[in-house]
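Engineer: Take these sequences, add in the hints, and give me the full structure.
Residue numbers (my numbering): 151 to 313.
For the record, the hints were derived by calculation from the structure and aren't laboratory data. Glycine is no exception: its CB is placed at the ideal position from the N, C-alpha and C atoms. Treat the hints with caution; some may be incorrect.
Unchecked claim - DEER-style ranges, computed between Cβ atoms: (1) Asp224 / Tyr259: 15 to 21 angstroms; (2) Thr242 / Ile206: 30 to 36 angstroms; (3) Gly269 / Gln192: 21 to 27 angstroms; (4) Asn275 / Thr245: 21 to 27 angstroms.
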Amino acid sequence: MAYLERAFDGDMWHTELYDPSVAVPVSSSEPSASKEIHQTDQLTVVEWPRHQRRLIEGRYVDYDQPSKRHATVDQAKTVCGLLIPEAATVLTDDTSGWHLYTTCYNCAYRLWKTHAPEGLCRPRNGDDFPLPSACKHGEYEDECLLCRPPSTPLSVDDREPPF
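Structural biologist: Here's what the structure looks like:
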């Protein structure tokens with residue numbers, strides 16, 4: 151038995167079990183010309199709505215919630231690997247200011263080698279947005295050992311006796 155994977159809002163979800171011995175392969179036909187994506191090498195930041203359904207006071211309420219703001223170079227896929235849906239809107243196409251808009255940790259982390267902004271730190275996790283400023287050594291200000299050296303250990307003479 152295996153799981154059938156389905157793309158849902160750019161994420162892969164395991165939807166149901168199936169028997170791979172009787173599975174029919176997907177057609178290997180070429181995509182139609184209307185589905186071709188014209189690629190550009192301009193870094194842009196996009197977001198799209200995520201459809202949500204929540205149970206409130208015994209009723210389901212449908213609403214759209216904005217997704218993370220992702221960076222893309224080819225307008226077809228984000229830097230972190232998600233396919234960009236047609237409902238996506240471009241927030242900015244300013245290549246030098248991508249870090250002011252993106253909120254996707256994976257996109258920011260992967261762009262850092264080639265598009266790192268001056269004076270900011272590479273994100274450690276998804277809570278580092280907006281990106282924190284770096285100290286003069288290029289490290290996080292609260293973690294830089296040159297800016298904030300650790301407290302010096304007590305000498306043998308300064309220790310309290312164990313009794």
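Engineer: Take the hints in turn and mark each one as holding or not.
Structural biologist: Evaluation of the provided hints:
1. Checked against the hint of 15 to 21 angstroms, the pair Asp224 and Tyr259 passes, with Cβ atoms roughly 18 angstroms apart.
2. Checked against the hint of 30 to 36 angstroms, the pair Thr242 and Ile206 passes, with Cβ atoms roughly 34 angstroms apart.
3. A C-beta distance of roughly 23 angstroms is found between Gly269 and Gln192, which places it inside the suggested range of 21 to 27 angstroms.
4. Between Asn275 and Thr245 the beta carbons are some 25 angstroms apart, a value that agrees with the proposed interval 21 to 27 angstroms.
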